[in-house]
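Visitor: Model the full structure from these sequences, guided by the hints.
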Amino acid sequence: MHGFANPARFLRIARWLTPVLVLSGLALSTAAVAWGLTNVPPDRLMGETVRILFIHVPSAWLGMGGWTTIAIASLVELVWRHPLAGIAARAAAVPGAAFTAICLATGSIWGRPTWGTWWVWDGRLTSMLVLLFLYFAYIALSGAVSREGAPSRIPAIFGLVGAVNVPIINRSVVWWNSLHQPPSLTMGKSAIDPVFLWPLLAATIGFSLLFGGVILMRMRALLADIQAEARLRRKALGAA
Amino acid sequence: MREGLDQWDFVIAAYAVTVIGTLLLVVWSWLAMRAAEKRREDARKK
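So the sequences go chain by chain: A and Z. Residues 2 to 241 in the numbering used here are what the first sequence spells out, letter by letter. Residues 829 to 874 in the numbering used here are what the second sequence spells out, letter by letter.
Note that these hints are calculated values from the structure, not bench results. Not one of these hints is a red herring.
Below 27 Å or equal to it, Euclidean Cα-Cα: the simulated DSSO-like pairs (lysine-lysine) are: (1) A/K236 - Z/K874; (2) Z/K873 - A/K236; (3) A/K236 - Z/K866.
Which stretches of chain Z does chain A cover? Using the computed rule of at least three CB atoms under 8 Å from a CB of chain A, they are: (4) 838-846; (5) 855-867.
Beta carbons are placed, not taken as given, at the ideal position from N, Cα and C, and that holds for glycine.
Guide: Now the structure itself:
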């Protein structure tokens, strides 16, 4: 793993991997969305609104996946001092927050015709909203720390502490009574008919590839900023 | 379905939020990456 800690090696891999992930993600998610909109029959209970699940479920997965990325990268940063781990954690924050916001918005839009309400303060919805606020706090904290210029472990510690919310989101529909349905997909089991399952899996893989591409682009931007600043500082010191 | 609203209105609204949000995220990240890598190249040349 430490072999990938070298920024030059990371950039060599990221330069060809970024367009591969972004383009394949765009192609697969577009195909899955088109499939979900045109080739899937209405559900017996949900009617046409079942199509919202093809975008709502991947965004929920990526909202939680984003924080899991932050937590793993934070752990690597704290334990092994991996130079790219802190950058990976910071890069995952904005896309994670964006997909959490999309999950909340699409869930709310789905809830109005299905449940008769835009919002309820139940375990799943509330813990997902808490996740969005955790993202906002992490983005503000890591931004403030990077403006100070000194390396800090505070965002990494916050990233690890905030990970407590991820299993709470996952188990919320089991632990508490909720309007939200219980898990339809568990390890090796599915309660979803294959006609809905395949476009859902395709959309989840497509958006995940896109998510990976966005994280790589943001890592490259953060790394380039750090390298440019270091170079300018060295030149200023050399000229003084 | 309640209040006589067409379910497709909700489907279109949800897809619009997702498509616009995702495309904004991709374009913004790409532009930020390009700008940052240009700054690094400029710093190398100075």
